[in-house]
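2 protein chains.
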Amino acid sequence: MREVVVLGVAMTKFDRYKDLDAEELAQRAILEALKDSGINKKEIEAAYCGSVFQGPMIGQRSLKGLGMVGIPVYNLENACSSGGTAIREAYLTVKEGRHDVALAFGVEKLSSFGKGGLPLDQQDFEILQGYSMPAGYAMRAQRYLYETEATPEHLAMISVKNHMNGLLNPYAQRHKKVTIEDVLQSRPVADPLTVLQCCMSGDGAAAVIFCEKKKAQQYVNKLIHVTGSVLLSGKFSNGFKDMTYPEITVRAGQELYESTGLDPSDVNVLELHDAFTIAELLYYEALGFCPRGEGFRLIEEGAVEINGRIAVNPSGGLLAKGHPVGATGVAQVVEIVWQLRGEAGNRQVPGARVGMTHCTGGGVWGMDNGACAMHAFTL
Amino acid sequence: MREVVVLGVAMTKFDRYKDLDAEELAQRAILEALKDSGINKKEIEAAYCGSVFQGPMIGQRSLKGLGMVGIPVYNLENACSSGGTAIREAYLTVKEGRHDVALAFGVEKLSSFGKGGLPLDQQDFEILQGYSMPAGYAMRAQRYLYETEATPEHLAMISVKNHMNGLLNPYAQRHKKVTIEDVLQSRPVADPLTVLQCCMSGDGAAAVIFCEKKKAQQYVNKLIHVTGSVLLSGKFSNGFKDMTYPEITVRAGQELYESTGLDPSDVNVLELHDAFTIAELLYYEALGFCPRGEGFRLIEEGAVEINGRIAVNPSGGLLAKGHPVGATGVAQVVEIVWQLRGEAGNRQVPGARVGMTHCTGGGVWGMDNGACAMHAFTL
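Chains as they are written, first to last, in this note's numbering: chain H, 1 to 379; chain E, 1 to 379.
Just so you know, these hints were derived from the structure itself, not from any lab. Mixed in with the good hints there might be a few duds.
Any copy, or any two copies together, can satisfy a pair, since identical chains are not distinguished.
[Said to hold, decoys possible] Computed list of lysine-lysine pairs in PhoX-like fashion (alpha-carbon distance at most 25 angstroms, straight line):
(1) Lys235 / Lys41
(2) Lys41 / Lys176
(3) Lys13 / Lys213
(4) Lys235 / Lys35
(5) Lys235 / Lys42
(6) Lys176 / Lys214
(7) Lys41 / Lys18
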């Protein structure tokens with residue numbers, strides 16, 4: 001079976017960019033990833049672009065400006081998992097032998113939509129009920145606080161950790177040290193979630209180049225192996241019945257562990273989809289890093305810090321690094337590759353050899369039922 | 001190498017649907033395709049949805065209503081080639097062994113955007129110059145009339161033929177017999193194109209189920225083989241320099257012929273992307289059915305009629321069947337499968353054994369440079 005490695009990665013700083021459009025952001029990331037890979041742009045055989053709100057042909061519009069023309073280009077949308085979906089397809093197209101070199105990139109410019117963030121569908125049944133994303137996650141948080149021994153302080157600690165990590169990441173949108181008190185006293189959004197517990201709106205792009213391993217060996221880079229890929233949609237069986245059980249993430253994690261032979265204890269570094277503080281807590285449990293109802297202990301004990309048992313969101317995660325939707329899942333892979341190469345600077349996870357990425361979203365009658373993409377990487 | 005067959009196909013009538021939303025249209029097509037295939041919905045291992053304007057997660061939103069949950073779902077956008085891109089990915093995922101059974105579907109509800117048709121990006125550089133699609137194709141038509149011996153009557157004859165075919169197709173949006181005079185005297189849109197020379201706006205969905213051949217043999221259907229798939233983006237090298245040469249279609253056709261061993265003379269039936277009458281003429285030439293500058297002779301001689309040398313758009317094409325963008329490329333495959341099975345009723349192409357589909361679009365600084373998808377099928 002063909003082996004696939006990551007040859008090059010790059011991302012723009014996540015930020016609010018007044019003077020750059022989505023295409024230019026994508027181009028910056030792609031150019032840097034090419035440079036990082038050492039490969040000529042003419043060797044890219046196909047491109048997979050993850051994006052949600054950038055309109056038709058965002059992939060071609062971006063690549064055109066780099067003279068990367070003529071090849072098959074796929075524009076993929078899977079809500080918050082759009083970037084992860086682009087990663088999956090670029091990886092599998094090399095794994096399955098269709099191409100030897102493929103590019104995944106993701107891009108979003110949310111600042112065009114104003115401060116409000118996402119352009120929500122005002123005819124959507126859930127939106128009409130006021131069931132926007134912060135509301136949905138707040139309900140889950142309330143329920144979690146009711147079911148477990150966790151307190152609002154535990155939620156805040158997630159934000160504190162990710163902002164601390166973001167401070168060490170030059171690519172993070174928000175560079176700000178925050179305390180538990182800061183988080184709890186920041187502007188309320190949907191009780192118990194305050195604004196520092198919700199990811200922010202911003203712009204950015206990220207790119208990853210995959211290559212068949214034999215071909216890749218001619219390049220000088222430290223090769224990072226892709227060892228697993230999962231994409232699932234939810235079963236919608238759970239809904240409001242059990243709000244603290246993210247069914248799709250549980251299933252994606254199980255499938256990734258089974259297909260790779262990995263165990264939660266093998267994972268050194270994990271970028272997961274912390275769109276809200278409660279989300280990160282729930283995913284600790286869903287991905288098997290602790291028993292159900294005990295996720296809050298991991299943050300309390302520091303087990304998920306950069307120097308902990310498993311470093312979660314060393315990049316700052318969505319909460320501090322930012323969440324330009326289509327770029328997010330690709331940027332997660334960029335961070336893991338940097339970590340496994342030992343290139344993560346001040347936020348380097350010591351001795352990281354196994355990394356995972358996780359993105360999930362697309363609330364279709366119940367949270368996170370749309371799509372969940374996970375990937376595994378080893379040095 | 002694994003062989004792939006089409007096991008089931010279906011489409012809704014293309015129309016303007018007041019009381020059905022995009023999800024419901026998609027569900028109708030998918031249910032009918034499942035019925036046509038004889039396969040249980042639980043055997044569908046992955047789904048690829050082509051759509052441009054339906055917002056995030058249209059694939060999952062559609063499948064959810066049918067209880068088709070949990071599987072990987074991909075939402076693919078490639079402008080007018082979105083449906084063709086979904087077809088390609090569903091086909092290749094079976095061909096390359098990732099899955100044994102995969103569903104492609106396409107859906108669009110354009111009537112929500114009012115009579116104007118497509119929601120164009122008002123900040124787009126070309127749109128700002130007035131270079132909308134009819135304008136661009138009108139320029140190509142003017143140039144074609146200048147360069148060749150063709151007359152406006154030849155353009156009109158394309159519309160007459162496709163409307164004649166559409167009359168025989170219960171799934172066509174417009175059932176109307178039109179004469180050359182009707183076409184030429186219909187409302188001017190962009191000289192020389194009149195309204196009966198431009199495809200109309202509408203709603204619809206289509207679905208195709210692909211299956212690995214050995215597995216498929218347990219079903220009673222007449223199996224249609226998929227023998228080739230091409231997806232390309234344009235090279236943007238041509239632009240306005242040579243307006244009557246659709247570079248991307250020329251290259252896609254060449255690649256399809258080379259990869260399948262087919263020759264233009266082998267093709268019995270072809271569904272091509274006649275968004276405007278001039279487009280169909282140009283593609284006759286681009287796909288090698290006649291020398292350059294002589295496409296108009298094919299329509300003059302009746303060579304492209306249902307009983308001609310090669311039947312082009314027996315379904316009525318975009319001009320009469322309609323063009324709900326994401327559905328179009330999938331519906332082309334539905335028509336070809338019906339034709340090869342001998343199930344096309346009054347519009348049956350006698351003895352059709354080899355069929356092809358072609359969709360192209362996404363004007364990114366020059367017409368049709370975005371994406372072109374082509375597929376080949378044999379009995």
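Verification of the hints:
1. Taking CA atoms no more than 25 angstroms apart as the test, Lys235 paired with Lys41 passes between copies only; the shortest distance there is 14 angstroms, against 40 angstroms inside one copy.
2. Proximity of Lys41 and Lys176 under a CA criterion of 25 angstroms is satisfied in neither setting, with 37 angstroms inside one chain copy and 50 angstroms between copies.
3. Proximity of Lys13 and Lys213 under a CA criterion of 25 angstroms is satisfied in neither setting, with 29 angstroms inside one chain copy and 48 angstroms between copies.
4. In the homo-oligomer, the alpha carbons of Lys235 and Lys35 lie at most 25 angstroms apart only across protomers (23 angstroms), although the nearest pairing inside one protomer, at 41 angstroms, exceeds that limit.
5. For the homomeric pair Lys235 and Lys42, the shortest alpha-carbon distance between copies (13 angstroms) is at most 25 angstroms, but the shortest distance inside one copy (41 angstroms) is not.
6. For the identical chains of this complex, Lys176 and Lys214 are neighbours neither inside a copy (43 angstroms) nor across copies (60 angstroms), given an alpha-carbon limit of 25 angstroms.
7. Proximity of Lys41 and Lys18 under a CA criterion of 25 angstroms is satisfied in neither setting, with 28 angstroms inside one chain copy and 47 angstroms between copies.
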